[in-house]
Amino acid sequence: MTEIDHNTDLEIDLDNVGSSTDVAQAIVTNTDADLTGLTLGDESEGVGGESLSPFRLALRHYKRNRVAMVALIVLTVIVLACLFPSIPARYGETERLPKTETTYINSPPSADAWFGTDDLNRDLYSRIFYGGRISIMIGIAVALIACTVGTIVGALAGYRGGGLDDILMRITDVFLAFPILVSLLVLRNVLAELPLVSTIMGDKTSVRFMVILLSAVGWMAVARIVRGVVLSLKEREFVEASRSVGASGPRIMFRHLIPNALGPIMVSLSLSVVGAILAESTLSFFGYGPSPGEGRTTWGLLIAQSKKTVLSGYWWLVVFPCAFLVVTIVCINFVGDGLRDAFDPKSDTSRA
Amino acid sequence: MIRFVIRRMMWTVPTMFVITFLVFVAIRIGTDPVQSYLRLNPRASQAKIQQYKEVNGLTGNIAQQYFHWLHNFVTFNWGKSIKGSRPVWPELKQALVNTIVLGSIATFVGVTIGLGIGIISALRPRSFFDHATTTGAFVGISVPPYVSAILLQLFFAITITRWLGLDKPLLPTSGIYPPGHKGFDPFLRMKHLVLPVTVVAIQIIAVYSRYMRASLLEVKNSDYLRTARAKGISDRRILVRHALRNALIPIVTVAAIDIGAIMGGLIITERIFENKGMGDFFLTAYENGDFPQLMPWMVFVVLGVILANLLADVLYAVLDPRIRLD
Chain X
513 MTEIDHNTDL EIDLDNVGSS TDVAQAIVTN TDADLTGLTL GDESEGVGGE SLSPFRLALR
573 HYKRNRVAMV ALIVLTVIVL ACLFPSIPAR YGETERLPKT ETTYINSPPS ADAWFGTDDL
633 NRDLYSRIFY GGRISIMIGI AVALIACTVG TIVGALAGYR GGGLDDILMR ITDVFLAFPI
693 LVSLLVLRNV LAELPLVSTI MGDKTSVRFM VILLSAVGWM AVARIVRGVV LSLKEREFVE
753 ASRSVGASGP RIMFRHLIPN ALGPIMVSLS LSVVGAILAE STLSFFGYGP SPGEGRTTWG
813 LLIAQSKKTV LSGYWWLVVF PCAFLVVTIV CINFVGDGLR DAFDPKSDTS RA
Chain Y
407 MIRFVIRRMM WTVPTMFVIT FLVFVAIRIG TDPVQSYLRL NPRASQAKIQ QYKEVNGLTG
467 NIAQQYFHWL HNFVTFNWGK SIKGSRPVWP ELKQALVNTI VLGSIATFVG VTIGLGIGII
527 SALRPRSFFD HATTTGAFVG ISVPPYVSAI LLQLFFAITI TRWLGLDKPL LPTSGIYPPG
587 HKGFDPFLRM KHLVLPVTVV AIQIIAVYSR YMRASLLEVK NSDYLRTARA KGISDRRILV
647 RHALRNALIP IVTVAAIDIG AIMGGLIITE RIFENKGMGD FFLTAYENGD FPQLMPWMVF
707 VVLGVILANL LADVLYAVLD PRIRLD
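Chains as they are written, first to last, in the numbering used here: chain X, 513 to 864; chain Y, 407 to 732.
The following block holds chain X by itself, in its conformation from the complex (with noise of 0.2 angstroms):
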């Protein structure tokens, strides 16, 4: 369908005769819009007649998505409390209870310690909030990293194509081939053997070692997906318009194409930051993780340590921490989908 509309849209444009009725159409389709974003909305707000931009839409339209509404409301405190973990936490990270009847070495949750303590009689509950912590930093400066170069490299691969759009789907190619668990370990090696990189990314256990590894990886999903939507924007009418009346290629990609990208890009934002979280706490599993110091700990670190003890029945060390991971990731996967709705014209407003 979509292939024979582009077909004829062409032709047109060849005949140089119907471009006036193309922009024609664009305008009403455009009100059409609008008129149902505002007759949706609070009469208060439509009746001046005022257009509200596609991001001021978009926020309304989240803000019906009550599922959407409740994970970005639990997300919030979770990376809340994370931030700030000695707010939550009731002991210190590497405190040591003092052995009374109810806390002991891996004793189960009790009033003193709510989610049991781990094998050095630590409490869990406050362990989990400053694991998380360096989880949710790590996911948080991974996704920017990894978003801000594969919107760049992905809009210049698109919007100029030629030996640079072959360049960047042939590396993300070979990349994508393999199981990403695997890139990222044999990058791992490399990034550490290689003199100039390692000098700069430091030890391959280090929290900034583990951010730019991630990233490395990260960033080309992002580039795909941003180069996919600049190839379809390049074509419209705005952009044509705008090089008519002579704007430069950095001024078109910077204000026509990344801005009308964004919601592909929030969505890949989010999608960047699960990825992350979840590449951190699988290396940390393996053992191949950050390791941020003695007697600290990652979410990633939690689960692990919790593997050898599942066998002896420490129930509380196992599900506590995955069910934190989970309910995060959960949430961010929600955020995620309300935004892709809230971004996509087509989408029904009518499930909200």
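Check each hint, because a few of them may be wrong.
Where chain X lies over chain Y, by a calculated footprint (3+ residues, C-beta under 8 angstroms) [unchecked claim]: (1) 512 to 519; (2) 643 to 655.
Straight-line Cα separation of at most 27 angstroms, DSSO-like style, residue types lysine-lysine; simulated pairs [said to hold, decoys possible]: (3) X:820 / Y:489; (4) Y:574 / X:820; (5) Y:489 / X:716; (6) Y:682 / X:820; (7) Y:637 / X:819.
If you are wondering where the hints come from, they were derived from the structure by calculation, not from laboratory data.
In this text, all values refer to a predicted model and were calculated from it rather than measured experimentally.
Every residue, glycine too, gets a C-beta built ideally from N, C-alpha and C.
We have chain X; now place chain Y onto it with these hints.
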């Protein structure tokens, strides 16, 4: 079609050539075989090291080393592992067999259940079943395989055993046979496969039920289905002959891309359940920096991905008669 397959097969040769070279360089930089050798044989003399280098083609520049490796690989002279100095092929073969068993059972179970759930929820959108499975699929995607694996281990090895007061776990949580077992026993083998298959299948079910639901919903609103219904074709025939066949086309494409993700899940699952497959083979070789084991493993993975893509293209043509491969 056969001509297309042959042509594509011929293309795999240069593709493999380039990718194996890149992988060779990457692994060669990352895990220096000489260093791994020294780590395992710390008191090796200078002459010993020189001899090791010459036997394994580690002299000369990287291109020479690659061609030396390629020559040995093609002539099936795969050498010995650095740790334990065991021949590579028998272990790799065993790992390949185990992974194919686990992978194909899990894929079959996962795809069947996943597509089934997707079809039912697309036929009754917004029903209770639809909401429940959509949410379930969402959670399923968000649960990393090692979390579901470790929770299943906990549940079957500890919780159920305590509830029922059994003296040994209901389902085995590691290995492919009990320790000390010899020979082939299909029942025991199946029992050991239940938990790993479940872990891998959960991921597949979650992904495919969503794909199927979205794809079938899209097809359901199409004009040709309305036409078919107007002609008076029975609902059942419409679903099987028209709707499902068209809905499967995009899924086949995604399936080929997904093979990497499934293999990733297999690696993790095999490690946790001590299922001696390709994933376990890779992680052990990686730990030991075992270059002679890593390279053939990589070749098999790349080959697997290329073949999966080829299979997807062929299936594509089977499902969509408009596509002619020749």
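Comparing the hints with the structure gives:
{"no.": "1", "hint": "512 to 519", "in the structure": "violated (count 0)"}
{"no.": "2", "hint": "643 to 655", "in the structure": "violated (count 0)"}
{"no.": "3", "hint": "X:820 / Y:489", "in the structure": "holds (25 angstroms)"}
{"no.": "4", "hint": "Y:574 / X:820", "in the structure": "holds (19 angstroms)"}
{"no.": "5", "hint": "Y:489 / X:716", "in the structure": "holds (23 angstroms)"}
{"no.": "6", "hint": "Y:682 / X:820", "in the structure": "holds (19 angstroms)"}
{"no.": "7", "hint": "Y:637 / X:819", "in the structure": "violated (60 angstroms)"}
Hint violations for this structure: numbers 1, 2 and 7, all remaining hints satisfied.
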